[in-house]
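Asks: Using the sequences and the accompanying hints, generate a full structural model.
Numbered according to my numbering, the sequence shown spans residues 8 to 331.
Any given hint might turn out to be false.
[Claimed, not checked] No more than 27 Å apart at the CA atoms, straight line, and that leaves these computed lysine-lysine pairs for DSS-like:
hint: 1; residue 1: K280; residue 2: K151
hint: 2; residue 1: K194; residue 2: K173
hint: 3; residue 1: K69; residue 2: K294
hint: 4; residue 1: K294; residue 2: K190
hint: 5; residue 1: K317; residue 2: K29
hint: 6; residue 1: K280; residue 2: K173
hint: 7; residue 1: K254; residue 2: K280
hint: 8; residue 1: K151; residue 2: K286
hint: 9; residue 1: K29; residue 2: K309
hint: 10; residue 1: K254; residue 2: K294
hint: 11; residue 1: K36; residue 2: K66
hint: 12; residue 1: K190; residue 2: K173
hint: 13; residue 1: K193; residue 2: K294
hint: 14; residue 1: K194; residue 2: K229
hint: 15; residue 1: K254; residue 2: K286
hint: 16; residue 1: K309; residue 2: K101
hint: 17; residue 1: K294; residue 2: K29
hint: 18; residue 1: K280; residue 2: K294
hint: 19; residue 1: K176; residue 2: K229
hint: 20; residue 1: K72; residue 2: K309
hint: 21; residue 1: K309; residue 2: K294
hint: 22; residue 1: K193; residue 2: K229
Hints were generated in silico from the structure; no laboratory data involved.
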Amino acid sequence: MIILGIETSCDETGVAICDNSKIISSYTKTQSIHTQFGGVVPEIASREHEKFLPEITDKVLKDSKLEYSDLEAIAVTSGPGLMGSLLSGISFAKGISQGLGIPIIPINHLEAHLNSAFIEFEALDPPFINLLVSGGHTQIWLVKDLFEYTLLGETLDDACGEAFDKGAKTLGLNYPGGPEIEKLAKKGNKELIDFPRPIINDGTYNFSFSGLKTSLINCVNKNEYNLSDVAASYQEAIVDCLVGKLKNSMDDLNINTGIVCGGVAANQRLREKLNELDKTIIFPSLKYCTDNADMVAFLGEKKINNNSAKIGINFSAYSRGMVV
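Replies: Structure representation (structure tokens):
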């Protein structure tokens, strides 16, 4: 089945085509315009999606040597995310669905991330633990089977990606903050400043990063350290929290396989520390860590094949929500 996937939950405009569980063409356009504002401006993001979607869809179809008439279904991210951005993608997808008379499937953004590793690692055998780390979410999931998930823990305040972004702003770095802090941290001493690791030993699988951000602000205001040392130590504290909670959940549930997905999974220091564990840790390719339409199209086809797709145009966007 040939499925078109559309992803517009935040500031990446993604379109992909999946055929028989294989991604045959995809393209993701990152909206660099937000850098000058130090973060995503929702109104601008939605307008950029509306501008880019037609041309990106044409490109993806051309690259796969297909026409609109070859499409058999559409999968589109319906939430959680920025409402304006989501509505841009949904409206575009519904127009194609109605124009071609083909089914449309709403896809939960978090569930798409949870299943993104299957695109490359088809032989993955659940159960496994999934650490989902992004700008908007920091969660640990038990994946029992296809479409069967249990939330084990999540952030009680800020997501780790948000901690990176706001931390970068405090350090005078550009947006997005994760890559900027990582770059600066390579020049610094990660052990010089003992930043707190909030609730790392509280017996839960939850996270908290707001107190860590406050410690960073206080540290920078004192002006006692080089910014590279501050960045390295701050990054190390965030990474320690993520690694510690993932390890604890895997140990407690006696599960040896962990999947790490979401934009923060691209962080090389996080990958280094996770690979030091006596566990099997799997990372999707970098292109599948950030928001992309490949995982949307892929999950849409899986849902259709397993008769679990909610087909129909009577759905709307939602800014918050769990995997359903």
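Asks: Of all the hints given earlier, name the ones this structure violates by number, lowest first.
Replies: none
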